[in-house]
Amino acid sequence: MRQEVVLAMLAKEPSHGYQLRARLRDALGPLGDAMNAGQVYVTLARLEKAGLLAVEGSADDADRSDRKVYALTPNGQQRVAEWIAEVGWPRPDLAEFHLKLIAAASAGLADPLTIVDTQRRELLRRLRDAQRAAMAEPALSAAALLLEGIVLRLQADLRWLEACEKNWTHRRSGS
Amino acid sequence: MSNAAETPVLRARGLRKEYGKGEGLVRAVDGVDLDVSAGETVAIMGPSGCGKSTLLHLLGGLDRPSSGEVSLNGRRIDDFSEKALAAMRRTDVGYVFQSFHLMEELTAVENVELPALLAGRSPRAARRRAEELLDQLGLAGRARFLPSALSGGQRQRVAVARALSNEPLVVLADEPTGNLDSAATLDVLQLFEELHESGQTLVIVTHDARIAATADRMFSMRDGVLVDQTWLTGGTTGQLGALAGLED
Numbered sequence: 001m002r003q004e005v006v007l008a009m010l011a012k013e014p015s016h017g018y019q020l021r022a023r024l025r026d027a028l029g030p031l032g033d034a035m036n037a038g039q040v041y042v043t044l045a046r047l048e049k050a051g052l053l054a055v056e057g058s059a060d061d062a063d064r065s066d067r068k069v070y071a072l073t074p075n076g077q078q079r080v081a082e083w084i085a086e087v088g089w090p091r092p093d094l095a096e097f098h099l100k101l102i103a104a105a106s107a108g109l110a111d112p113l114t115i116v117d118t119q120r121r122e123l124l125r126r127l128r129d130a131q132r133a134a135m136a137e138p139a140l141s142a143a144a145l146l147l148e149g150i151v152l153r154l155q156a157d158l159r160w161l162e163a164c165e166k167n168w169t170h171r172r173s174g175s
Numbered sequence: 001m002s003n004a005a006e007t008p009v010l011r012a013r014g015l016r017k018e019y020g021k022g023e024g025l026v027r028a029v030d031g032v033d034l035d036v037s038a039g040e041t042v043a044i045m046g047p048s049g050c051g052k053s054t055l056l057h058l059l060g061g062l063d064r065p066s067s068g069e070v071s072l073n074g075r076r077i078d079d080f081s082e083k084a085l086a087a088m089r090r091t092d093v094g095y096v097f098q099s100f101h102l103m104e105e106l107t108a109v110e111n112v113e114l115p116a117l118l119a120g121r122s123p124r125a126a127r128r129r130a131e132e133l134l135d136q137l138g139l140a141g142r143a144r145f146l147p148s149a150l151s152g153g154q155r156q157r158v159a160v161a162r163a164l165s166n167e168p169l170v171v172l173a174d175e176p177t178g179n180l181d182s183a184a185t186l187d188v189l190q191l192f193e194e195l196h197e198s199g200q201t202l203v204i205v206t207h208d209a210r211i212a213a214t215a216d217r218m219f220s221m222r223d224g225v226l227v228d229q230t231w232l233t234g235g236t237t238g239q240l241g242a243l244a245g246l247e248d
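Protein sequences, first through last, are from chains A and B. If you use our numbering, the first sequence corresponds to residues 1 to 175, in order. If you use our numbering, the second sequence corresponds to residues 1 to 248, in order.
Don't read these hints as lab results, they were simulated from the structure. Yeah, the Cβ is synthetic: ideal placement off N, Cα and C, and Gly gets one too. Among the clues, some could well be false.
Some residues of chain A that are not near chain B, with every Cβ distance over 12 Å (derived) [unchecked claim]:
(1) A11
(2) L24
(3) D33
(4) A34
(5) G38
(6) R46
(7) A71
(8) E82
(9) E96
(10) A107
(11) T114
(12) A133
(13) A134
(14) A139
(15) K166
(16) T169
The calculated SDA-like cross-link candidates involving lysine to any residue, where the alpha carbons are at most 20 Å apart (straight line), are [as the list claims (entries may be wrong)]:
(17) A:K166 to B:D35
(18) A:K12 to B:L169
(19) A:K49 to A:P74
(20) A:K166 to B:K83
(21) A:K49 to A:E86
(22) A:K166 to A:A110
(23) A:K166 to A:S106
(24) A:K166 to B:L169
(25) A:K166 to B:R27
(26) A:K166 to A:Q119
(27) B:K83 to B:R27
(28) A:K100 to A:W168
(29) A:K49 to A:V69
(30) A:K12 to B:D223
(31) A:K166 to B:D228
(32) A:K100 to B:K83
(33) A:K166 to B:R222
To be clear about the criterion: a stretch of chain A counts as covered by chain B if any three or more of its residues have a C-beta under 8 Å from a C-beta of chain B, and this derived list gives those stretches [as the list claims (entries may be wrong)]:
(34) 116–126
(35) 144–151
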């Protein structure tokens, strides 16, 4: 996850590290469980060093990262504004899989349909996990929305596998 | 998971279904072996025309195989007489179809009680069971509605309630979400999860990955043959973080 995400989650108001983590947990639901606290504090320290965050709070608590109150500096606010305006695009690696099928078939290394089946197995397992996790969340929660995104992406990938299956079945019977 | 000591609820051996002759011979189902244990959900996926619906019809006694065996709870059904087969279909198997197949002139509760009445239950017992099922499936308030007054998702819920009317050994579903939009699909998805949790044995034929993903096991079917089996149980949400971009 990019540092800007952590920075932006602090834009609402100066916060303790544990408040920031609670905010991330609410937004990510079960997916937030995998994030460890150390990672967040390392990111906070980096952002502080880069002058994007400043630490408020009393001096005697300064040695405990958990007690520090982090606030955006003007530079930090500028960075968040740029990040919000930025258009990001996910980069699914379709070409690699596509070329794997072509290479496997042309050199006789493996049956492309077997590769498709193996890939589908993995995706279906993840779809099942994502779906179960989504159903366990309250309907309109932030976490359910994120999980819905994962489900939709997996469905798109599975549809493409269907197209691969059709295409390679056709090629095989044609040759 | 199947257990050697336990008789599978549904068992197929060397199942074949052929249509036509000579050059025009079509092997819709071409040698399928399948064991479905009690409480298991099995999904069969495949492109249209791969024979999955035909297979489901053979498993449920809606059609007879050209060769091979089908057993339900250890009893061969492929050589049943028409009469015995009809009785078996009424009591031991519940069917759910893509286009619901509800009687349009009957209310929801009348649709649901019909199989129980046909199986010889008293009208009172049949009605009580139907109302119980509609209540369980969240349709208590719709019991007196005609199907035409229900949404697609609700109609499929009624159809599932009807399938459960006689407490069947197995529910067979043929593209249960094929006619539904995504909200209604989610509704049916939830329902199948609930059935699964209640211990109902289920076989679902579908091309909808979301429904297939509710299963314990998934088979891919191509050209009348089950070509790949996947166990879907035992995952963790740990790997999902990567899909959301939380890990690199």
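How the hints compare with the structure:
1. The beta carbon of A11 (chain A) is kept farther than 12 Å from every beta carbon of chain B, the shortest such distance being approximately 20 Å.
2. The beta carbon of L24 (chain A) is not kept farther than 12 Å from every beta carbon of chain B, the shortest such distance being approximately 10 Å.
3. Annotated as non-interface, D33 (chain A) brings its C-beta within 12 Å of a C-beta of chain B; the closest such distance is 8 Å.
4. Its beta-carbon lying about 5 Å from the closest one in chain B, A34 (chain A) breaks the requirement of being farther than 12 Å from that chain.
5. At the 12 Å boundary, the C-beta of G38 (chain A) stays outside the reach of chain B, the nearest C-beta of that chain being 14 Å off.
6. The beta carbon of R46 (chain A) is kept farther than 12 Å from every beta carbon of chain B, the shortest such distance being approximately 16 Å.
7. At the 12 Å boundary, the C-beta of A71 (chain A) stays outside the reach of chain B, the nearest C-beta of that chain being 25 Å off.
8. No Cβ of chain B approaches the Cβ of E82 (chain A) within 12 Å, the least distance being about 19 Å, so the stated non-interface status holds.
9. With a closest Cβ-Cβ approach of about 16 Å to chain B, E96 (chain A) is found to remain outside the 12 Å limit, as its non-interface label requires.
10. Chain B leaves A107 (chain A) outside its interface by the beta-carbon criterion, the shortest separation being 22 Å against a cut-off of 12 Å.
11. The non-interface label for T114 (chain A) is inconsistent with chain B: the shortest C-beta to C-beta separation is roughly 8 Å, within 12 Å.
12. Consistency note on A133 (chain A): stated as away from chain B, yet its beta-carbon is not over 12 Å from all of that chain's, at 5 Å minimum.
13. The non-interface label for A134 (chain A) is inconsistent with chain B: the shortest C-beta to C-beta separation is roughly 9 Å, within 12 Å.
14. The Cβ of A139 (chain A) does not lie farther than 12 Å from every Cβ of chain B; its closest approach is about 10 Å, which violates its non-interface assignment.
15. Annotated as non-interface, K166 (chain A) brings its C-beta within 12 Å of a C-beta of chain B; the closest such distance is 6 Å.
16. Its closest Cβ contact with chain B, about 7 Å, brings T169 (chain A) to no more than 12 Å, contrary to its assignment away from the interface.
17. Distance hint between K166 (chain A) and D35 (chain B) is unfulfilled; the C-alpha atoms sit about 28 Å from each other, more than 20 Å.
18. For the hint linking K12 (chain A) to L169 (chain B), the alpha-carbon distance of about 56 Å lies beyond 20 Å, and the restraint is violated.
19. Note on K49 (chain A) and P74 (chain A): the hinted pairing holds, with a Cα-Cα distance of about 14 Å set against a maximum of 20 Å.
20. Proposed proximity of K166 (chain A) and K83 (chain B) is contradicted: the alpha carbons are some 41 Å apart, above 20 Å.
21. Restraint check for K49 (chain A) and E86 (chain A): the C-alpha separation of about 23 Å exceeds 20 Å, so the hint is violated.
22. Taken as a hint, the K166 (chain A) and A110 (chain A) pair is honoured in the structure, with Cα atoms around 17 Å apart against an allowance of 20 Å.
23. For the hint linking K166 (chain A) to S106 (chain A), the alpha-carbon distance of about 17 Å falls within 20 Å, and the restraint holds.
24. Proximity of K166 (chain A) to L169 (chain B) is assessed by CA-CA distance (about 35 Å); at most 20 Å being required, the pair is judged violated.
25. With a CA separation close to 19 Å, the supplied pair K166 (chain A) and R27 (chain B) stays within the 20 Å bound.
26. Among the hinted pairs, K166 (chain A) with Q119 (chain A) is consistent with the structure: their alpha-carbon atoms are about 15 Å apart, no more than 20 Å.
27. Proposed proximity of K83 (chain B) and R27 (chain B) is contradicted: the alpha carbons are some 27 Å apart, above 20 Å.
28. For the given pair, K100 (chain A) sits about 13 Å from W168 (chain A) by alpha-carbon distance, which is consistent with the 20 Å threshold.
29. With a C-alpha separation of about 15 Å, the suggested pair K49 (chain A) and V69 (chain A) falls inside the 20 Å cut-off, and the hint holds.
30. Restraint check for K12 (chain A) and D223 (chain B): not satisfied, since their Cα atoms lie roughly 58 Å apart, outside the 20 Å limit.
31. Proximity of K166 (chain A) to D228 (chain B) is assessed by CA-CA distance (about 16 Å); at most 20 Å being required, the pair is judged to hold.
32. With a C-alpha separation of about 54 Å, the suggested pair K100 (chain A) and K83 (chain B) falls outside the 20 Å cut-off, and the hint is violated.
33. Between K166 (chain A) and R222 (chain B) the alpha-carbon distance is near 10 Å, which keeps this suggested pair within the 20 Å criterion.
34. For the stretch 116–126 of chain A, the proposed coverage by chain B is satisfied: 7 residues have a C-beta within less than 8 Å of a C-beta in that chain, meeting the threshold of three.
35. Counting residues of the stretch 144–151 of chain A whose C-beta lies closer than 8 Å to any C-beta of chain B gives 5; at least three are required, and the coverage claim holds.
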